[in-house]
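Since the structure of chain A is already known, use the hints to place chain B on it.
So you can see what is in the structure, the chains are spelled out below.
2 protein chains.
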Amino acid sequence: MPTAGILVIGNEILSGKVVDSNSPYLCRELRGLGVDVERVLVIPDEIDVIASEVRVMSDRYDYVLTSGGVGPTHDDLTMDGIAAAFGVKLEHSESISQRIERAQGKPANESQLKMAKIPEGSKLIDSGDLWFPLVVLENVHIFPGIPELLRKKFESVRHRLQGVPFLLKKVFVRRRESDIAGDLNDLLLEYPELVLGSYPKVGVEEFRVQLTLESRDAGYLQRALDSLLARIPPDAIHKIE
Amino acid sequence: MPTAGILVIGNEILSGKVVDSNSPYLCRELRGLGVDVERVLVIPDEIDVIASEVRVMSDRYDYVLTSGGVGPTHDDLTMDGIAAAFGVKLEHSESISQRIERAQGKPANESQLKMAKIPEGSKLIDSGDLWFPLVVLENVHIFPGIPELLRKKFESVRHRLQGVPFLLKKVFVRRRESDIAGDLNDLLLEYPELVLGSYPKVGVEEFRVQLTLESRDAGYLQRALDSLLARIPPDAIHKIE
Numbered sequence: 001m002p003t004a005g006i007l008v009i010g011n012e013i014l015s016g017k018v019v020d021s022n023s024p025y026l027c028r029e030l031r032g033l034g035v036d037v038e039r040v041l042v043i044p045d046e047i048d049v050i051a052s053e054v055r056v057m058s059d060r061y062d063y064v065l066t067s068g069g070v071g072p073t074h075d076d077l078t079m080d081g082i083a084a085a086f087g088v089k090l091e092h093s094e095s096i097s098q099r100i101e102r103a104q105g106k107p108a109n110e111s112q113l114k115m116a117k118i119p120e121g122s123k124l125i126d127s128g129d130l131w132f133p134l135v136v137l138e139n140v141h142i143f144p145g146i147p148e149l150l151r152k153k154f155e156s157v158r159h160r161l162q163g164v165p166f167l168l169k170k171v172f173v174r175r176r177e178s179d180i181a182g183d184l185n186d187l188l189l190e191y192p193e194l195v196l197g198s199y200p201k202v203g204v205e206e207f208r209v210q211l212t213l214e215s216r217d218a219g220y221l222q223r224a225l226d227s228l229l230a231r232i233p234p235d236a237i238h239k240i241e
Numbered sequence: 001m002p003t004a005g006i007l008v009i010g011n012e013i014l015s016g017k018v019v020d021s022n023s024p025y026l027c028r029e030l031r032g033l034g035v036d037v038e039r040v041l042v043i044p045d046e047i048d049v050i051a052s053e054v055r056v057m058s059d060r061y062d063y064v065l066t067s068g069g070v071g072p073t074h075d076d077l078t079m080d081g082i083a084a085a086f087g088v089k090l091e092h093s094e095s096i097s098q099r100i101e102r103a104q105g106k107p108a109n110e111s112q113l114k115m116a117k118i119p120e121g122s123k124l125i126d127s128g129d130l131w132f133p134l135v136v137l138e139n140v141h142i143f144p145g146i147p148e149l150l151r152k153k154f155e156s157v158r159h160r161l162q163g164v165p166f167l168l169k170k171v172f173v174r175r176r177e178s179d180i181a182g183d184l185n186d187l188l189l190e191y192p193e194l195v196l197g198s199y200p201k202v203g204v205e206e207f208r209v210q211l212t213l214e215s216r217d218a219g220y221l222q223r224a225l226d227s228l229l230a231r232i233p234p235d236a237i238h239k240i241e
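Protein chains in written order, with our numbering: chain A, 1 to 241; chain B, 1 to 241.
Next up, chain A with everything else stripped away, as it sits in the complex (with noise of 0.2 angstroms):
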């Protein structure tokens, strides 16, 4: 299955005065995709650091998207950290500078033509309405961080982007998590592949627990869910989605 990082750039993440809700979307979006997300990071804006976690995540990963640090300010250097991951310089793109002018009437003026300048050997994607395409280097998809045009640009590329999804199956139990843990280890054990998660839920009148239940193969979820319900108390089911 293919694999992905999410490389989020940006010091006002760190500092708490903005939060990430791209991961969250991106994440959502590949599972929804088949896309196993191995890992999420948050980074500063400084090249050397881009440049070397962009390079580790290019290795292991079939893709990896950034997000963030793609506009015209001083703190923008996501362009210049991946150029220098893939040892290449910055060029100007005359395709995305014809595009301001095109979109604004009026040429580019000095801030706009910094975010022209993109890694040589780029591909440009283009993304529904806006001006502004989708970068692409090597596996490395640039995203900008302002949430709206993050998801636009992903649904211009959704397509290139498919593994086989995972099919879930909630169930909602009315116990503590300690009390049903031994249940769940022999349900592991029965079905080894079974993705199962376990999540508490403090505040919550009607049950005690969310379990998930996921595969990629619809029979042996169903075999699954059925053993799991076959281990529990009928009356220590909230309900099952």
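Just so you know, the hints here were simulated from the structure itself, not pulled from any lab data. It should be emphasised that the depicted structure is a prediction, and the values quoted were computed from it without experimental measurement. Glycine included, every Cβ here is placed at the ideal spot set by N, Cα and C. Don't take every hint at face value.
As the list claims (entries may be wrong) - Here are some, though not all, of the chain A residues that point toward chain B, as calculated from beta-carbon distances under 10 angstroms:
(1) 14
(2) 15
(3) 18
(4) 20
(5) 27
(6) 29
(7) 108
(8) 195
(9) 199
(10) 202
Relative to the frame of chain A, chain B by itself:
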């Protein structure tokens, strides 16, 4: 200044089923204390991954804070991973076991006893009204994934994590980021120690960019703010906080 790495452990985050609210909370609190968060890393529930990432973070940063993977179930492998990171074994903590018994009026069951197994050499720090103490090994602070519990436990160690806090000014600007990027670059040439953030907002009427100016030195911060306000036309300023 003290530095920190935050390690979020949990398949449920990577698969997009649960949104991590712990790392944003910790980033914000640590920033308030003056501790510099250098990385946030989300990893799966796998012992060898936990061990190697804890090892790296423990060497690099003054403090490591982990979140998740400390419950009684099959996928709770944080203690195993941290023990492996330091080459020690898990051992039964009679102190934790007694607390469990005291809290519930009966001996711990098998699953609860699993939660009483902690790395050799760990210190226990009591956390207000919680029956389970915070476990600390070397510079690694082991927090639970449940946000309510994590926050209570953080309060019990807050006083041990003290740096020199940053002072913050926010300036809300009615111009596009690309229109003021040159001014910001000039400001940083004059005040190279200033921590300057620039965050465009989409879908807001009153302003287009939020600037954050930060320094640990109040005088330096005020001089940088004055310099910024001298560069941008007064009618472009929405407000200053």
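Verification of the hints:
Taking 10 angstroms as the C-beta cut-off, the interface hint given for residue 14 of chain A holds, the closest approach to chain B being about 5 angstroms. Hint status for residue 15 of chain A: holds, given a least beta-carbon distance of 5 angstroms to chain B, under 10 angstroms. The closest approach between the C-beta of residue 18 of chain A and any C-beta of chain B is roughly 7 angstroms, which is under the 10 angstroms cut-off, so the hint is satisfied. Hint status for residue 20 of chain A: holds, given a least beta-carbon distance of 7 angstroms to chain B, under 10 angstroms.
For residue 27 of chain A, the shortest C-beta to C-beta distance to chain B is roughly 4 angstroms, which falls under 10 angstroms, so the interface hint holds. Hint status for residue 29 of chain A: holds, given a least beta-carbon distance of 7 angstroms to chain B, under 10 angstroms. With 10 angstroms as the threshold, the beta carbon of residue 108 of chain A comes within range of chain B, its nearest partner Cβ sitting at about 9 angstroms, so the hint holds. A cut of 10 angstroms between beta carbons decides the hint on residue 195 of chain A: the least distance to chain B is about 7 angstroms, and the hint holds.
Nearest Cβ of chain B to the Cβ of residue 199 of chain A: about 6 angstroms, under the 10 angstroms cut. The hint holds. The beta carbon of residue 202 of chain A comes within 5 angstroms of a beta carbon in chain B, closer than 10 angstroms, and the hint placing it at the interface holds.
Hint compliance for this structure: no hint is broken.
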